[in-house]
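What follows is each chain in one-letter form.
There are 2 protein chains.
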Amino acid sequence: MKGLLIVISAPSGTGKTTLVNKLMKEIPTLEFSISCTTRKARPGEVEGKDYYFLSLENFEQKIENGELLEWAEVYGNFYGTPKDKVMEALQKGRDILLDIDTQGALQVKKNYPEAILIFILPPSLKELEYRLRKRATDDAETIEKRLIVARKEISLASKYDYMIVNDRIETAFEKLKSIITAERWKTERIKKHLNEVTSDTEILKLLES
Amino acid sequence: MKGLLIVISAPSGTGKTTLVNKLMKEIPTLEFSISCTTRKARPGEVEGKDYYFLSLENFEQKIENGELLEWAEVYGNFYGTPKDKVMEALQKGRDILLDIDTQGALQVKKNYPEAILIFILPPSLKELEYRLRKRATDDAETIEKRLIVARKEISLASKYDYMIVNDRIETAFEKLKSIITAERWKTERIKKHLNEVTSDTEILKLLES
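Residue numbers (my numbering), protein chains in the order written: chain Y, 1 to 209; chain E, 210 to 418.
These aren't lab readings, by the way, just hints derived from the structure by calculation. Treat each hint with caution, since some may be false.
[Unchecked claim] Looking from chain Y toward chain E, a few residues come up when the C-beta cut is under 8 angstroms (computed):
{"id": "1", "residue": "Y79"}
{"id": "2", "residue": "L121"}
{"id": "3", "residue": "T198"}
[What the hints assert, rightly or not] The list that follows gives simulated cross-link-like pairs (lysine-lysine, DSS-like), each with its CA atoms no further than 27 angstroms apart:
{"id": "4", "chain 1": "Y", "residue 1": "K191", "chain 2": "E", "residue 2": "K414"}
{"id": "5", "chain 1": "Y", "residue 1": "K2", "chain 2": "E", "residue 2": "K368"}
{"id": "6", "chain 1": "Y", "residue 1": "K2", "chain 2": "E", "residue 2": "K401"}
{"id": "7", "chain 1": "Y", "residue 1": "K2", "chain 2": "Y", "residue 2": "K40"}
{"id": "8", "chain 1": "Y", "residue 1": "K126", "chain 2": "E", "residue 2": "K368"}
{"id": "9", "chain 1": "Y", "residue 1": "K145", "chain 2": "E", "residue 2": "K414"}
{"id": "10", "chain 1": "E", "residue 1": "K414", "chain 2": "Y", "residue 2": "K16"}
{"id": "11", "chain 1": "E", "residue 1": "K400", "chain 2": "Y", "residue 2": "K177"}
{"id": "12", "chain 1": "Y", "residue 1": "K177", "chain 2": "E", "residue 2": "K211"}
Virtual Cβ for every residue (Gly too), placed ideally from N, Cα, C.
Make a model of the complete structure from these sequences and hints.
Here it is as structure tokens:
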């Protein structure tokens with residue numbers, strides 16, 4: 001059956017990385033999409049594994065040709081999701097996970113309406129701030145900036161298909177997993193792959209009638 | 210939060226009753242809807258617990274007034290789902306389970322589009338026939354009739370929101386449970402009850418903006 005394109009967004013500090021890593025571990029059919037970028041490769045980064053490294057010209061070309069499901073500029077570098085690679089993987093029945101910001105997520109939904117958009121909310125903005133401070137990876141100004149961006153992202157959450165509050169990692173994870181399982185059995189999706197739902201030719205004929 | 214109206218249909222012999230009983234046990238917020246009927250009460254049946262027993266006139270009145278979410282005639286008796294009772298329970302946050310045939314299910318969807326329709330398929334019609342024979346509760350003619358009805362019901366399965374094959378009871382059950390969990394976190398549903406998703410007034414304001 002065709003795979004699912006799952007898009008997860010969350011403000012920094014919401015616990016998205018933990019949830020995503022748990023998902024990757026528990027759902028063997030799930031794969032990360034590999035982005036392309038104009039950023040220079042860092043030592044140890046492998047072409048086609050960490051990123052597809054492109055020149056600015058090539059990246060521009062891809063945008064113009066509509067070859068990117070979404071793209072964004074971050075601190076002077078461009079990042080994008082190659083459409084052909086994702087579509088190919090989905091056709092092979094692999095589920096693809098995109099971990100991108102709200103702007104990218106809404107671009108994906110526009111270009112591929114079957115995508116499943118899941119937004120992960122922090123229990124509160126106070127809690128988010130607390131988590132960011134506790135993490136101690138950012139200085140006060142960066143945290144302040146992250147909180148401003150978080151507010152903007154949250155204001156777009158209602159455009160997502162699903163919204164989950166990450167108050168406890170285990171319950172949030174169960175919800176995430178349930179969403180992925182449930183989406184697989186939507187008639188809307190199954191309709192195009194009925195022969196993979198049942199091998200009984202008689203049932204198949206009835207379903208298609 | 211407003212409850213979910215879950216409608217499950219399956220051909221006789223598909224294992225629906227086992228699945229439904231397991232659901233009722235595992236999901237404490239889930240309740241069976243009590244039908245009304247023109248059938249006479251059998252010894253031990255309690256009004257308002259097993260059924261609401263109505264006269265034919267009262268039943269007709271309810272149909273005319275649009276007070277039934279769905280109704281059907283079975284062997285000369287009428288059965289229906291009272292709309293007011295279901296709506297009241299949903300408003301109180303209880304999830305309501307309806308175990309009805311395809312005709313009824315499609316009536317419910319028409320009258321209450323938020324209803325979640327789940328169809329449970331047998332692995333094959335051969336297997337269904339085998340299960341019906343093994344059950345040994347019906348004679349050959351009844352089994353034959355059930356198989357004819359099963360074909361008709363299956364041909365309407367693609368009008369449901371979800372389709373599950375009951376090849377193994379445990380996996381089918383997990384899918385059912387996932388569907389119910391996932392549906393709770395659909396933005397579409399949550400939008401009307403954002404204050405129950407988060408108690409953080411700042412996040413609430415952002416979501417509503």
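Evaluation of the provided hints:
The closest approach between the C-beta of Y:Y79 and any C-beta of chain E is roughly 25 angstroms, which is over the 8 angstroms cut-off, so the hint fails. Hint status for Y:L121 relative to chain E: holds, with the closest Cβ pair at about 6 angstroms, below 8 angstroms. About 6 angstroms separates the beta-carbon of Y:T198 from the nearest beta-carbon of chain E, less than 8 angstroms, and the hint is met. At most 27 angstroms may separate the alpha-carbon atoms for a hinted pair to count; Y:K191 and E:K414 exceed this at roughly 39 angstroms.
In summary, the hint linking Y:K2 to E:K368 is supported, as the alpha carbons are separated by about 20 angstroms, within the 27 angstroms threshold. Taking the CA atoms of Y:K2 and E:K401, the gap is about 32 angstroms. The hint is violated against a cut of 27 angstroms. Among the hinted pairs, Y:K2 with Y:K40 is inconsistent with the structure: their alpha-carbon atoms are about 34 angstroms apart, more than 27 angstroms. A hinted pair counts as satisfied when its Cα atoms are at most 27 angstroms apart, and Y:K126 with E:K368 does not qualify at roughly 45 angstroms.
Proximity of Y:K145 to E:K414 is assessed by CA-CA distance (about 19 angstroms); at most 27 angstroms being required, the pair is judged to hold. A distance of roughly 22 angstroms separates the Cα atoms of E:K414 and Y:K16; the hinted pair therefore holds under the 27 angstroms criterion. A hinted pair counts as satisfied when its Cα atoms are at most 27 angstroms apart, and E:K400 with Y:K177 qualifies at roughly 21 angstroms. Simply put, Y:K177 and E:K211 have alpha-carbon atoms about 22 angstroms apart, close enough for the 27 angstroms limit, and the pair holds.
Hints 1, 4, 6, 7 and 8 from the earlier list are contradicted by this structure; the remaining hints agree with it.
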